[in-house]
Every structure is written in structure tokens, then in C-alpha cells.
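Asker: The lines below spell out each chain.
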Amino acid sequence: MTWVRQLLAIDRRIIFLLVGAGAALPLLFPLNLPVAVTPRVRAAYDAIDALPPGSKVLLSMDYEPDIMAELFPMSVAVLRHCFRKHVQVIAMTLYPAGTGLGERAISTAAKAEGAILNRDYAWLGYKSGFQVVMIGIGENLRGMYPVDFYGTPLDSIPVTRHVNSYAQLQMVINLSGSSAADYWIQFAQGRYHAPLVIGCTAVMATDYYPYLSSKQLLGLIGGMKGAAEYERLIDTFGDARRGMDAQSLVHLIVVGLVIVGNAALFISKRSGGDGGGPASGSMTR
Amino acid sequence: MTLQTWIAAFLTLCVFSFLYKDNPFYRFAEHLFVGAAAGYLLAVQWQNVLIPNVWTPLLHDHKLVVLIPLALGLMMLARAWDKGAGIARWSLAFYVGIYSGVAIPGYMQAQIFAQLADAAKPFAPGWGAVNSALVLVGLLTVLAYFFFSAPHKGVHGAGARVGIYFLMVAFGASFGYTVMARVSLLIARVQFLLRDWLHVLPGP
Chain Z
3 MTWVRQLLAI
13 DRRIIFLLVG
23 AGAALPLLFP
33 LNLPVAVTPR
43 VRAAYDAIDA
53 LPPGSKVLLS
63 MDYEPDIMAE
73 LFPMSVAVLR
83 HCFRKHVQVI
93 AMTLYPAGTG
103 LGERAISTAA
113 KAEGAILNRD
123 YAWLGYKSGF
133 QVVMIGIGEN
143 LRGMYPVDFY
153 GTPLDSIPVT
163 RHVNSYAQLQ
173 MVINLSGSSA
183 ADYWIQFAQG
193 RYHAPLVIGC
203 TAVMATDYYP
213 YLSSKQLLGL
223 IGGMKGAAEY
233 ERLIDTFGDA
243 RRGMDAQSLV
253 HLIVVGLVIV
263 GNAALFISKR
273 SGGDGGGPAS
283 GSMTR
Chain X
28 MTLQTWIAAF
38 LTLCVFSFLY
48 KDNPFYRFAE
58 HLFVGAAAGY
68 LLAVQWQNVL
78 IPNVWTPLLH
88 DHKLVVLIPL
98 ALGLMMLARA
108 WDKGAGIARW
118 SLAFYVGIYS
128 GVAIPGYMQA
138 QIFAQLADAA
148 KPFAPGWGAV
158 NSALVLVGLL
168 TVLAYFFFSA
178 PHKGVHGAGA
188 RVGIYFLMVA
198 FGASFGYTVM
208 ARVSLLIARV
218 QFLLRDWLHV
228 LPGP
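Chains as they are written, first to last, in our numbering: chain Z, 3 to 287; chain X, 28 to 231.
Looking at chain Z on its own, in the form it has when it is part of the complex (with noise of 0.2 Å):
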């Protein structure tokens, strides 16, 4: 059949355009779809909403650019959060490029919930190799970092003057798109058995559902969706939020391609097709 074989052998421009399309529609029409809270969610939440003002937590912001767009929102939830609850914010980061990503997060959401610098916050900045930084921290933090990112000790800032490892912190939080995670399980979480929540991308979310049941995480936000939830516990409408009606019109524009494309095969080759031929609208041809 003809258009069977047409559209077997569509372009594939056609497909990103339609998904372009499904991304940029409804940022500009909101359809406002309902974001469902999941348990993972829900449960690094109460973790951190049941920290007692003054806590202070260890937030280590482990992503680069090329994921910000799944980890950015989430940092600044968590962080408006915490700011919100008056928990005091010791945040670094194990990645270079995560330097200026942090400070913005963190800025972002300090203006945006009335906190300040070293009263509320601390930014410690980036430190080089993951297992060392998190040892180090267990055994003495100024080891690590005598000095915070601006180049003032940790003695004579609020936050830090009397951390100095991981039994002075109340939790740890690691958002991160890479292994830091696992190792942030297995050094602070097993080692010194902080308390620790996990914020990944959604890549990574399933290998991390068993540390959940074994109560080795209190919660996991993962992905953009993970944030939205986040942002819909903390009653604030951020970036994750905004792109949740384009995640879902493109899944199911996905969806509708998987279907569409599969029944499209099944009845080409039910007719004696060969599948449609070679893609014609492959980019390396």
C-alpha cells in the first residue's frame, strides 16, 4: 500500500519538527496538566520538612550544564525549601563546571525566600575527586575546605564555625547526574551514616529505587519531574512546573509515533512489504 510505504519511509525532519512543536506549544499555550506526587517524592519532602529550624544540611549540587535542565530547578526547589524552613545550607559541588551553576542556584533562590549569605548559607565551591572530598568531610571538614568559595574561613562564617564533619550535619543531599551519587551512598550514607537524600536525573532514577527500599535514601527526586513534584510540594511554579504540559504532549506525540509507526510496519509486511526500504529521511545518506 502506498501511503503505508510513505510513511514508513517519512523524514525524520517531519518527526523533529513535530516533537520541536510539542515542546514549544504548550510553553506558549499552558494546558496546565495536574502534576501527581509520587511516594519517592513525597518522602524527601517530609525528610527535609521535618528538619528542625537551625539544622543545617550538606548540599552538594553534582551536575554540569549538560543536564541543568533536569537538576537547575530541582537545586532551587530544594534550596527554597530549606531556606523556607530556616535550615541552614553548607552547599558545594564536586564538578568544575557546577561552580557557577550552584552560586546561581543558590542566589536564585535566596532572592527569591529572603536568605543571606553565610547568615543562611554557605558556598563552599568546587573540590576535585568525589571519594576523597566525601572521606574528607567525615574526618574534618576544614581538611577539605579551610576556606569557602569567596576565600573566607569557615571559622569565621555562622554556618560552619562549628562543622566540622558529617555527625554536626543533619542530612545530606546530593542532586547529581553522574556516579557522585553512588558514592555519596556509600561514603556518607555508609560510612558515616548521615542521612542522606538523592536528586538525579531521570536516566538514572530506577538504579537508584533500591537504595529507597533498603532505607539507605530517606527520598529521590528524579528528573524534571521529580522537580515539578518538588516545586508543587513547596507551592511554587518554577521552571520544572512550566515544562511539564510540553514533557507530556511530547510523550505522547512519542507514543502516538511508536503506534503509528509499528502498525505501519506490521500491515507492510502483511501485504508482502519489505518494512518500507531504506529511511529516506536518514541524515547521513
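Treat the hints with care, since some could be wrong.
Unchecked claim - Derived list of chain Z stretches under chain X, where covered just means 3 residues or more per stretch with a C-beta under 8 Å from a C-beta of chain X:
(1) 22 to 34
(2) 64 to 71
Stated by the list, open to error - Taking lysine to aspartate or glutamate pairs in the EDC-like style, the calculated list, with each CA pair at most 16 Å apart, reads:
(3) Lys87/Z with Glu115/Z
(4) Lys48/X with Asp13/Z
(5) Lys217/Z with Asp145/X
(6) Lys87/Z with Asp237/Z
(7) Lys217/Z with Asp48/Z
(8) Lys87/Z with Glu141/Z
Treat the hints as calculated values from the structure; they're not laboratory data. As the structure is a prediction and not an experimental result, all values here were calculated from the model. Beta carbons: idealized from backbone N, C-alpha and C, even for Gly.
Could you slot chain X onto chain Z? The hints should help.
Answerer: Structure of chain X alone, referenced to chain Z:
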């Protein structure tokens, strides 16, 4: 609108242009990214690692112990010359030894023992028992699939076949999340173009 926004928008469009076909704009953006990332990485490593960990302790605090890691680090660079490979092996041996000592106990504790303990715990009460049973069946059948020292026949073969279904469900869930992650990246770029560059969306 700042100059940075215009540059970022131009580079974003350069990268998106690859979706039509390979072109000089895409290659320009790609090469610029590699160069800028390498330069940024070098500058941050110098500022955040070498100065506070080597320069300041050595020259200002006179901590001579810093010379040991400094020497080991410099010995690594000896690999650049054929005759220096042997020197670099001393540093590598030290690094591998330290890394193994640090990583193996942590991995065993967090990824093996804790997970085994969780897998062996009693079934949850009520409907949670169904979930616990699924986890147990999944664990045993997937392990059966990956046990290659005996042919996949009889009970072992049946278990392995069930294990394949569990694996396919896991791969499907993982792939679904992967699609979501990639779409998120696209959405963020479109948000940037429409809001920060074209100002057709409301601000954050």
C-alpha cells in the same frame, strides 16, 4: 537582553541546525564548546585545586608534606615520554592501591551487603507482601538468567526465561525515563529561546 543571551541563543540554534543536516555552524559550535570547556576546566582546577592545595600550603604555610603528592602528580606526567613510563607507574600504583582500599569496602557495604540484607528481610504486611514477593521472584529469576555455569534447561531454564521478562520490564522503565530526560533537555532549551531570548514567555 544581554550579549551573553544572544551568543547563547546563536550557539543553541547552531547546534539545533544539525537536526536538518551537518553544517559548518554546527561544527563551529561543537569546536567552540570543546575549547571553551577545556579552558574553563583548566582555570577552575588551577584556582580551586592547585592554589589552595599546593601553592598556598607550600609557599605560605611552609607545609613540606605537600611535596609528596606534588611529586606523585608530576611523576604521572612522565608518561608523556617513552622512557618516563616506569616513573609514572609508581604514581599509578600508589593511586590504584589507595583507590582500591577506599572503594572496595564502601562498595561491598553499600551495594552488596545492604542490598542483600534488604532482599532477605521478611515480607511486608498486607498488600505490600505482593510487592515483596515480586521483588524476590525477580531477584531469583534474574540471577538464574545470569548463571551461565549450567545450561538454561529445566527449572533453571524456566526461571531464566521469567528473569528475561523482569529484565525487559526494567529496561522499558529505564528507557521511558531516558526519553523523559532527553525531552527535558529540549524543553529547557526551548524555554531559554522563548523566554530569555525572544521574551514571548513570562519570566521565572
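Asker: Output the indices of the hints that this structure fails to meet, ascending.
Answerer: 8
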